[in-house]
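> Chain residues, written in single-letter form:
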Amino acid sequence: MFIYTTPVYRLSLALQGFLDEQFYQLEELQDESSPNFVEEVVTLFFRDSSRLMANIDQALEQCPPDFHRLDKFLHRLKGSASSIGAGKMKNECAGFREFCSEENLEGCLRSFQKVKKEHTILRQKLENYFQLLRQVVPVDKATRSGS
Amino acid sequence: MSSPRGTKACGGVAADRQIHVLAVDDSSVDRAVIARILRSSKYRVTTVDSGKKALELLGLEPNVNMIITDYWMPEMTGYELLKIVKESSELREIPVVIMSSENVPNRINRCLEEGAEDFLLKPVRPSDVSRLCNRMR
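Quick mapping for you: the protein sequence lines, in order, are chains A and B. Just so you know, we're using full-length UniProt numbering here: the first sequence kicks off at 1 and counts up by one. Just so you know, we're using full-length UniProt numbering here: the second sequence kicks off at 1 and counts up by one.
Each hint can be trusted.
Using 16 Å as the maximum straight-line C-alpha spacing, the simulated EDC-like pairs for lysine to aspartate or glutamate come out as follows:
(1) 83(B) - 113(B)
(2) 125(A) - 39(A)
(3) 72(A) - 57(A)
(4) 72(A) - 102(B)
(5) 72(A) - 75(B)
(6) 52(B) - 75(B)
(7) 72(A) - 26(B)
(8) 88(A) - 21(A)
(9) 114(A) - 98(A)
(10) 42(B) - 31(A)
(11) 83(B) - 118(B)
(12) 83(B) - 93(B)
(13) 42(B) - 32(A)
(14) 83(B) - 117(B)
(15) 53(B) - 75(B)
In short, the hints are calculated from the structure, not lab data.
Could you build the full structure based on these sequences and the hints that come with them?
Pasting the structure below:
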């Protein structure tokens with residue numbers, strides 16, 4: 001029987017630079033009283049971020065673009081990404097915010113493409129991760145039984 | 001800081017009561033995270049998404065031992081909420097902690113001068129919360 005150790009997969013995600021220490025902190029908060037905490041928070045994140053990205057899309061299409069409003073959406077998006085440990089996405093948002101503060105529309109549009117791409121990739125990776133958790137027996141849970 | 005109701009344990013359970021924290025944040029993600037951190041330390045937690053709702057709840061619920069609030073919120077910032085709490089004779093004794101994703105020294109100083117108990121940088125970690133346990137009312 002193949003036992004897939006979740007720390008290994010988490011490590012590989014971190015190594016690819018998608019997740020940071022904060023994600024690990026969230027996993028540490030998960031226990032019997034809140035067994036799906038991480039997945040719940042990640043679901044909230046994707047719900048929140050999808051809405052924010054639709055707002056960003058609209059703000060960028062305005063003529064002239066409302067950079068002030070755009071910055072508010074970005075602040076929120078970056079904050080949420082940071083809170084779930086989505087380090088790569090957080091950094092892309094930071095770059096986007098810089099272009100926004102310079103009122104550089106070209107830069108904003110390019111950044112936004114990157115953020116959207118990161119968002120899609122991250123969603124896929126995390127979906128795969130949670131699916132794996134549901135399918136296999138995590139070694140760390142098994143060894144923690146009784147503690 | 002001694003409590004007239006008995007020894008205060010570190011963590012959410014004191015000798016005779018569970019410590020009640022009101023968490024205020026417009027981000028659903030951050031509300032979920034701060035609530036989980038607090039509950040894992042056995043605090044009783046109520047979350048609201050705005051300063052306005054926080055004040056409504058404080059008007060109805062007398063037993064809030066700490067308020068932890070985000071700084072940047074639409075309509076009413078955490079700073080504005082802090083000011084209102086500290087200017088209220090009923091509420092001013094409640095410790096208020098501010099959270100922010102931005103490390104802005106002016107902002108931090110302003111909040112501390114206004115009476116904030118502490119200022120936490122996001123993302124908030126369990127270790128940030130454990131250092132607050134001595135400050136509960």
